[in-house]
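Asks: Residue numbers (the working numbering), protein chains in the order written: chain A, 1 to 139; chain B, 1 to 91.
These aren't lab readings, by the way, just hints derived from the structure by calculation.
Positions of the beta carbon are idealized from the N, C-alpha and C atoms, including for glycine.
Mixed in with the good hints there might be a few duds.
Computed beta-carbon distance windows for the label pairs [unchecked claim]:
hint, chain 1, residue 1, chain 2, residue 2, range
1, A, 135, B, 66, 17 to 25 Å
2, A, 130, B, 52, 48 to 56 Å
3, B, 66, A, 64, 17 to 25 Å
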Amino acid sequence: MIRITDNAIDLNKILIDISDNSAGAITLFVGTVRDHNSHGHVSALYYEAYKKMAEDIMAEIEKEVLRKWNIIKFSATHRIGNLKVREISVAVAVSSEHRNESFEACKYGIDNIKTRVPIWKKEYSDASENWVTGVSLHE
Amino acid sequence: MTTTTGDRDTDLIKVKLFGISTEIVGKREMTVRVPVGTTVGNLKKKITKMYPSLDVVNIPFVFAVNHRVVSEDVPVTHLDEIAILPPVSGG
Numbered sequence: 001m002i003r004i005t006d007n008a009i010d011l012n013k014i015l016i017d018i019s020d021n022s023a024g025a026i027t028l029f030v031g032t033v034r035d036h037n038s039h040g041h042v043s044a045l046y047y048e049a050y051k052k053m054a055e056d057i058m059a060e061i062e063k064e065v066l067r068k069w070n071i072i073k074f075s076a077t078h079r080i081g082n083l084k085v086r087e088i089s090v091a092v093a094v095s096s097e098h099r100n101e102s103f104e105a106c107k108y109g110i111d112n113i114k115t116r117v118p119i120w121k122k123e124y125s126d127a128s129e130n131w132v133t134g135v136s137l138h139e
Numbered sequence: 001m002t003t004t005t006g007d008r009d010t011d012l013i014k015v016k017l018f019g020i021s022t023e024i025v026g027k028r029e030m031t032v033r034v035p036v037g038t039t040v041g042n043l044k045k046k047i048t049k050m051y052p053s054l055d056v057v058n059i060p061f062v063f064a065v066n067h068r069v070v071s072e073d074v075p076v077t078h079l080d081e082i083a084i085l086p087p088v089s090g091g
């Protein structure tokens with residue numbers, strides 16, 4: 001389950017979607033807007049996505065996770081638009097029979113979303129706004 | 001759109017922009033006239049000539065063609081969906 005959305009991320013809905021009779025574990029990673037970076041205060045973030053490509057890459061990551069680990073369901077949701085401090089920007093959830101698989105698969109999911117998916121964020125502070133320079137994409 | 005100017009065929013290519021490249025260029029999409037059969041590498045050279053500040057800030061941006069990041073030797077036409085992708089920072 002892959003989603004890029006303008007709306008607030010509903011964690012309860014994700015947990016319902018990911019739950020399964022055969023699951024003994026669900027791992028949920030939630031990324032939130034922090035009020036600072038290494039240079040100082042951050043008051044808000046703006047996220048932008050190349051939506052079609054971002055969804056394609058997230059679906060690729062989902063396939064990789066399902067191939068590498070014996071898990072039941074995978075869910076990844078990224079929010080775009082303007083977000084305030086404490087709001088949820090990204091959620092990755094994995095259900096599996098046992099906890100180890102879901103921990104590992106969830107970490108792989110968020111690590112790869114951060115480095116491979118065409119999404120960009122701009123940080124706002126009282127005095128400035130800056131696009132965050134992240135990771136260069138590769139073929 | 002392919003047109004003939006004099007004896008030289010050219011192609012008008014649309015390029016989508018994201019993140020910091022949108023602000024440098026001042027729009028979300030640009031059109032670039034290039035010789036038919038041009039490559040991503042030639043397109044990149046032309047765009048950095050049109051917008052030197054893209055080069056000045058030295059952003060290691062890459063190109064996506066039809067939603068895939070490609071190498072600079074890949075040929076492009078007006079039928080392709082082309083985008084400039086600065087370093088990503090989701091999450």
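Asks: Check each numbered hint from earlier against the structure, then list the numbers of those it violates in ascending order.
Replies: Hint 2 contradicted; others consistent.
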